[in-house]
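Each protein sequence line maps, in turn, to chains A and B.
Residues 1499 to 1616 (the numbering used here) make up the first sequence, in order.
Residues 18 to 266 (the numbering used here) make up the second sequence, in order.
These are calculated hints, taken from the structure and not from any lab test.
This structure is a prediction, so every number in the text was calculated from the model and none was measured.
Careful, some of the hints might be misleading.
Said to hold, decoys possible - Taking lysine to aspartate or glutamate and the EDC-like style, the derived pairs with C-alpha atoms no more than 20 Å apart in a straight line are:
#1 B:Lys69 with A:Glu1529
#2 B:Lys62 with A:Glu1575
#3 B:Lys215 with A:Asp1599
#4 B:Lys66 with B:Glu184
#5 B:Lys66 with A:Glu1529
#6 B:Lys62 with A:Asp1599
#7 A:Lys1521 with A:Glu1607
#8 B:Lys215 with A:Glu1575
Claimed, not checked - Stretches of chain B that chain A covers, calculated by requiring three or more beta carbons in the stretch to come under 8 Å of a beta carbon on chain A:
#9 124-132
#10 135-149
C-beta atoms are modelled at their ideal positions from N, C-alpha and C, and glycine is treated no differently.
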Amino acid sequence: MPQAQVTMDVRRVDDNASIIDIKGELTAFAEGVLMDAYNQASDGRVRAIILNFEGLEYMNSSGIGLLVTLLIRVNREKQRLLTYGLSEHYRSIFQITRLDDAIGIHETEEEAVEATNV
Amino acid sequence: MTEQRPRDAAHWARYSETIRVPETSGTAPNVEGRRMVGPLQGFGKMWQKTYKTRLEGVPVPPAEVVETLKERFPEISGFGEGFRVPDGGLVPGAVALLGGLSGVVVLYADAESFTYMTPEGHPFSGWITFSSYPDGDGTTVAQAQLLIRANDPIYELMMPLGLHKLEDTTWQRTLGRVAVHFGAEGRVETRIICVDPKRQWRRYTNVRHNALLISALHAAAAPLRWIKRRATGTSRTPRTQDQTKGGTR
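I would like the entire structure built from these sequences, with the hints used as guidance.
Okay, here's the thing in C-alpha cells:
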C-alpha cells in the first residue's frame, strides 16, 4: 500500500485544547498518522481537538471519511472537534459532504481556541 | 488567504443546496430537489463495510480497474438498466438514477477512485467509494468501501431483516465480477465495522423523505388520481412539482 504523504504535528494550547497541524495529503493512507496524532492530542483532560488545515494540499473522499470516523471517536470521548485554516475550496467540500453540520469551522487559530472556551 | 486552485479541485462535485436531475421531467421524484446526505445525517448505527479482491497474477494498473468499473458499472454491479448513468458518464456531480426509486450523486472521481453520495429518502445515508491500489507485493486490489447509516427508522428496522445482507451480496458480487472480468480468481474479502453503535434519534423525521414509502403512497393513490381526472375531464400531466425547487448547479 502506498505511504501517507502527510505529517501531523500536535501542539497543546492549554489544559482544554490541542491542535493538530495537518500538512500534505489527506487520503485513506493517512489513517494511521491521523489516529496517532489524535491519541497524542487527546492525552490528559483535553476537551477540544482543533484541526489546522492551513497546510492541506490534497484531500479525496477517503480523507473525508477519515474525518467522519475521527469525529465519532471525538464525540465518544465527549470532546469537540473544530477546524481552522480551510481554504474556500475545502470549505465547499465540508458543505457538500455536510461535515459542516457537525464540525465547527473557524477562520483563525485564535477564533478556534476561543470557541473551545464557549 | 491566497486561493490557489488545489490539485483535487476537478475531482469534487460542486456544492449545491439540492439535487437537480437534468432532463427527467419529474421522473425522479425521490431525487430531484432532495438534499445529499452523508453518514452524519442518517438515523441508524454507522457502518463501515469494506469489500476487496486481489487481482492475483493480473498485471492491470489500478486506473484501468477504476475506468472499467466506471464505464461498465450497471452491468458489473448487476443493477443493469435499473442504474441509469447520465450521458456525460460518472463524473463529479453526475446524478445516476436507481430504477424509479432513488439515485446517487457522484461526489468525487479521480483516476483511481470514485464515490457516490446518497440523497434524502435513499435507504442509506452516506458514501460508497470504489477504488483500486497496488498492495504491498504489487498486486492490484479492487475495493468498495461504504460508510453508511440507515437513513430513517423504517430502513433501520429493515437492516437485520435483509438490507444488510442485500448490501453485502451486491458489493461482493460486484467485486467478484471485477475480478472475473480481468481474469482473476474473484475471492472477495469482507470487513464490517460498526463505527458508531448509537442511533441518532433526533433524525427520526428523515422518514418523511423515505423513497419506498413515498413511492408506495403514490402508487396507492393512483386510482384516486384517475377518478379525479375522469371527474374533471383533465388529462394526465407529468409530475413537475419538484422541478422548481432550486437546483442550483
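Quick rundown of the hints versus the structure:
{"no.": "1", "hint": "B:Lys69 with A:Glu1529", "verdict": "holds, 18 Å"}
{"no.": "2", "hint": "B:Lys62 with A:Glu1575", "verdict": "holds, 17 Å"}
{"no.": "3", "hint": "B:Lys215 with A:Asp1599", "verdict": "holds, 18 Å"}
{"no.": "4", "hint": "B:Lys66 with B:Glu184", "verdict": "holds, 9 Å"}
{"no.": "5", "hint": "B:Lys66 with A:Glu1529", "verdict": "holds, 16 Å"}
{"no.": "6", "hint": "B:Lys62 with A:Asp1599", "verdict": "holds, 18 Å"}
{"no.": "7", "hint": "A:Lys1521 with A:Glu1607", "verdict": "holds, 15 Å"}
{"no.": "8", "hint": "B:Lys215 with A:Glu1575", "verdict": "holds, 14 Å"}
{"no.": "9", "hint": "124-132", "verdict": "holds (count 5)"}
{"no.": "10", "hint": "135-149", "verdict": "holds (count 3)"}
Going through the hint list in order, the structure satisfies each hint without exception.
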